[in-house]
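**Student:** Residue numbers (this note's numbering), protein chains in the order written: chain A, 1 to 539; chain B, 540 to 701.
There may be inaccurate statements among the hints.
[As the list claims (entries may be wrong)] Here are the simulated lysine-lysine pairs, DSBU-like style, with alpha carbons at most 30 angstroms apart:
id, chain 1, residue 1, chain 2, residue 2
1, B, Lys605, A, Lys186
2, B, Lys611, A, Lys141
3, A, Lys194, B, Lys645
4, B, Lys601, A, Lys182
5, A, Lys194, B, Lys611
6, A, Lys193, B, Lys541
7, A, Lys186, B, Lys601
[Said to hold, decoys possible] Partner residues are not named here, just some residues of chain A that face chain B (Cβ under 8 angstroms, in silico):
id, residue
8, Ile146
9, Ile178
10, Arg179
11, Ala304
12, Lys308
In short, the hints are calculated from the structure, not lab data. C-beta: ideal position from N, C-alpha, C; glycine also.
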Amino acid sequence: MQLTGAQAMVKCLEAEGVKVIFGYPGAAICPFYDALTDSSIRHILVRQEQNAGHAASGYARITRRPAVCVATSGPGALNLLTAVATAYVDSVPLVVITGQVARSLIGKDVFQEADVTGAAEPFVKHSYLIKDIKDLPRVFKEAFYIAGTGRQGPVLIDVPVDVQNERFSFSYPDSVNIRGYKPTVKGHAGQIKKVAQAITEAQRPLIVAGGGLFATEARYRLVELAERCEIPVVTTMMGIGGIPTEHPLYYGMLGMHGKQVANRATQEADLLFVIGARLGDRAVSNPALLEGRLRVVHIDIDPAEIGKNMEANIPLVGDANVILGQLLEQVPECTHSAWRNMLDRRRAEYRPQLRQFDGCINPKLFLERLSELADPDAVVVADVGQNQIWTANHFKIREGRFLTTGGMGTMGYSLGAGIGAKLAEPERQVITVGGDGSFQMQMMELATMCQHQVPLKMVIMSNLRLGMVYELQKNNFAGNYSGVFLDGSPDIPKLAGAYGIPAERIHSMDQADAAIGRLLKADTPYLLECIVNQDESSL
Amino acid sequence: MKYTISTLVENHAGVLSRIAGLFSRRGFNIDSLAVGVTEDPTVSRITIVVDGDDYMVEQVEKQLNKLIDVIKLKSFSAEELVRRELAMVKIGTKASERGDLLSLSKIMGGKICDLSNETMTIELSAESERLEEYLELLRPYGIRELVRTGTIALQKGNVSFG
Numbered sequence: 001m002q003l004t005g006a007q008a009m010v011k012c013l014e015a016e017g018v019k020v021i022f023g024y025p026g027a028a029i030c031p032f033y034d035a036l037t038d039s040s041i042r043h044i045l046v047r048q049e050q051n052a053g054h055a056a057s058g059y060a061r062i063t064r065r066p067a068v069c070v071a072t073s074g075p076g077a078l079n080l081l082t083a084v085a086t087a088y089v090d091s092v093p094l095v096v097i098t099g100q101v102a103r104s105l106i107g108k109d110v111f112q113e114a115d116v117t118g119a120a121e122p123f124v125k126h127s128y129l130i131k132d133i134k135d136l137p138r139v140f141k142e143a144f145y146i147a148g149t150g151r152q153g154p155v156l157i158d159v160p161v162d163v164q165n166e167r168f169s170f171s172y173p174d175s176v177n178i179r180g181y182k183p184t185v186k187g188h189a190g191q192i193k194k195v196a197q198a199i200t201e202a203q204r205p206l207i208v209a210g211g212g213l214f215a216t217e218a219r220y221r222l223v224e225l226a227e228r229c230e231i232p233v234v235t236t237m238m239g240i241g242g243i244p245t246e247h248p249l250y251y252g253m254l255g256m257h258g259k260q261v262a263n264r265a266t267q268e269a270d271l272l273f274v275i276g277a278r279l280g281d282r283a284v285s286n287p288a289l290l291e292g293r294l295r296v297v298h299i300d301i302d303p304a305e306i307g308k309n310m311e312a313n314i315p316l317v318g319d320a321n322v323i324l325g326q327l328l329e330q331v332p333e334c335t336h337s338a339w340r341n342m343l344d345r346r347r348a349e350y351r352p353q354l355r356q357f358d359g360c361i362n363p364k365l366f367l368e369r370l371s372e373l374a375d376p377d378a379v380v381v382a383d384v385g386q387n388q389i390w391t392a393n394h395f396k397i398r399e400g401r402f403l404t405t406g407g408m409g410t411m412g413y414s415l416g417a418g419i420g421a422k423l424a425e426p427e428r429q430v431i432t433v434g435g436d437g438s439f440q441m442q443m444m445e446l447a448t449m450c451q452h453q454v455p456l457k458m459v460i461m462s463n464l465r466l467g468m469v470y471e472l473q474k475n476n477f478a479g480n481y482s483g484v485f486l487d488g489s490p491d492i493p494k495l496a497g498a499y500g501i502p503a504e505r506i507h508s509m510d511q512a513d514a515a516i517g518r519l520l521k522a523d524t525p526y527l528l529e530c531i532v533n534q535d536e537s538s539l
Numbered sequence: 540m541k542y543t544i545s546t547l548v549e550n551h552a553g554v555l556s557r558i559a560g561l562f563s564r565r566g567f568n569i570d571s572l573a574v575g576v577t578e579d580p581t582v583s584r585i586t587i588v589v590d591g592d593d594y595m596v597e598q599v600e601k602q603l604n605k606l607i608d609v610i611k612l613k614s615f616s617a618e619e620l621v622r623r624e625l626a627m628v629k630i631g632t633k634a635s636e637r638g639d640l641l642s643l644s645k646i647m648g649g650k651i652c653d654l655s656n657e658t659m660t661i662e663l664s665a666e667s668e669r670l671e672e673y674l675e676l677l678r679p680y681g682i683r684e685l686v687r688t689g690t691i692a693l694q695k696g697n698v699s700f701g
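Please model the entire structure based on the sequences and the hints provided.
**Tutor:** Here's what the structure looks like:
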């Protein structure tokens with residue numbers, strides 16, 4: 001079939017089953033946009049390229065398959081990079097397509113030229129600059145394969161505009177063979193046996209589950225294992241929702257902003273069963289304190305994560321779901337009642353006192369209430385800042401998902417990711433939670449949800465300041481507040497009104513239930529601003 | 540301790556910058572690095588010498604393995620390998636010193652590859668530690684310029700890697 005490079009790009013996406021892409025056009029990607037109109041692929045025009053990346057991330061995390069974002073050369077591609085890096089640290093599969101200046105002009109600093117494969121190198125799983133059109137079909141095939149297998153992540157394809165215009169004979173390959181890339185899926189049988197034995201021998205085992213659970217929906221098997229062997233579970237921020245929040249064996253998020261009972265459990269356990277987590281500094285601040293005092297089973301699909309932050313006694317490389325399946329074939333029923341009862345007692349004793357400020361919404365109680373009234377399978381997307389910690393610790397996940405930027409902590413993530421998640425499963429409730437700071441980094445995306453009818457449910461926690469930095473300056477810098485006040489911010493509900501988005505503001509918990517009801521019932525985008533007190537703490 | 544990491548990679552543009560970027564990003568120190576095509580023209584071999592502890596070498600290996608362009612790699616200690624490093628040394632010479640230098644060069648297994656009325660360029664090939672010793676012996680004569688390739692190495696004996 002004789003096609004142009006641009007037509008071939010569209011055919012490649014169709015062959016990969018792509019239904020929706022997120023992007024922003026420009027001169028160097030124009031041939032692709034031209035060819036796109038002949039396809040049934042839906043293009044979502046965002047209002048800034050970074051949000052195309054976040055939207056693709058939200059879409060990919062719900063579908064668990066690589067999602068596509070597109071930008072033009074130079075500034076368009078560079079705007080995408082923050083989102084690419086965000087997806088990279090959280091292992092989200094993306095295929096990132098960027099236009100590039102014509103091959104003959106590369107390296108001459110021409111208009112809208114940037115070395116994008118070079119700039120993106122630290123944040124991509126792999127990247128390609130297509131210099132020969134004959135490589136194009138293979139590159140697309142490989143990109144989807146690499147992004148979606150092993151430890152998932154973004155793959156970038158930079159396509160010079162003259163390659164998009166060149167004609168060639170197109171055929172899409174059926175298979176991939178990359179000699180340097182053979183990810184391990186199944187766990188080593190000998191190691192599986194050792195892990196099974198370690199679980200039965202342990203007196204105080206503890207499961208630490210991370211975001212790796214969601215790449216292949218390993219969460220159901222994880223719960224089965226926890227229940228069969230009566231093993232308490234804690235999660236990292238990325239692992240939230242790996243087990244329902246109210247499951248009796250769940251003791252909360254660990255780490256700097258986690259639950260005390262979860263952190264103490266990691267110190268007292270005699271076996272840590274770490275699965276799909278890299279144990280970054282926010283999860284375990286000082287792994288050296290734990291090493292040697294307990295046995296560590298570390299299960300990860302990326303061998304480089306094992307032993308990087310914490311020494312592992314029993315390393316096990318493979319896909320979490322497959323490995324849990326192998327373990328479930330071997331591990332007999334067992335109990336750890338004394339350990340569990342001790343944690344239960346501690347959890348019951350530790351009841352944080354929630355301070356109630358007059359004329360304000362208590363964000364923690366509000367989010368608890370919101371999660372009780374939302375659909376059981378609702379997706380909640382938290383932005384970054386205090387709103388992220390409040391949502392992580394107080395929004396109860398049942399069958400739903402908790403999406404956030406765990407590794408990079410990128411403010412301005414939630415609306416893009418929310419749009420992507422909603423388009424991935426239009427029937428599912430998608431709620432975003434952000435602050436008035438992060439909202440102003442991404443409020444241009446209100447137009448995107450109007451243009452493409454994406455009925456996102458937005459909650460904004462407003463305190464006219466960058467709450468988390470304010471709190472840090474209050475506690476660690478003797479209250480020397482610097483650069484944290486958001487004076488000059490717009491009236492957010494009125495701003496939403498300018499887009500035709502229904503919106504309201506509430507000040508009191510008495511108003512919460514009714515307002516949540518309206519938010520959840522809306523079949524258009526809906527914005528609910530909650531006024532919170534400046535001294536509300538993250539924890 | 541020094542480790543030599545032999546790395547087989549795809550022979551195409553951008554691979555070396557990925558590897559160099561990885562080392563600087565992760566804070567790994569490279570003692571030397573040498574690249575060249577192998578018996579298979581689609582494959583290049585990169586020989587990297589790093590100085591570090593077991594933890595670091597394990598991390599280097601694992602992170603390198605994550606690069607899609609890396610086909611295979613293995614780290615070796617010095618005893619497992621035959622190792623060579625090539626150097627060219629340009630020395631300022633008076634006519635009266637030439638005889639001395641010639642005989643020194645002969646002992647070192649060197650070759651005179653350029654000669655002028657003021658300079659002599661000696662080509663030396665040896666294990667890098669031995670090369671250091673040779674250079675110390677040449678230093679008193681006045682080294683004007685020195686260029687070294689970095690270590691290349693192959694496993695000893697019947698085994699082959701690749």
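**Student:** Each hint should be assessed against the structure and marked as holding or not.
**Tutor:** Each hint, compared with the structure:
| no. | hint | in the structure |
| --- | --- | --- |
| 1 | B/Lys605 x A/Lys186 | holds, 18 angstroms |
| 2 | B/Lys611 x A/Lys141 | holds, 23 angstroms |
| 3 | A/Lys194 x B/Lys645 | violated, 60 angstroms |
| 4 | B/Lys601 x A/Lys182 | holds, 14 angstroms |
| 5 | A/Lys194 x B/Lys611 | holds, 28 angstroms |
| 6 | A/Lys193 x B/Lys541 | violated, 36 angstroms |
| 7 | A/Lys186 x B/Lys601 | holds, 19 angstroms |
| 8 | Ile146 | holds, 6 angstroms |
| 9 | Ile178 | holds, 6 angstroms |
| 10 | Arg179 | holds, 5 angstroms |
| 11 | Ala304 | holds, 4 angstroms |
| 12 | Lys308 | holds, 7 angstroms |
In this structure, the earlier hints numbered 3 and 6 are contradicted, and the remaining ones agree with it.
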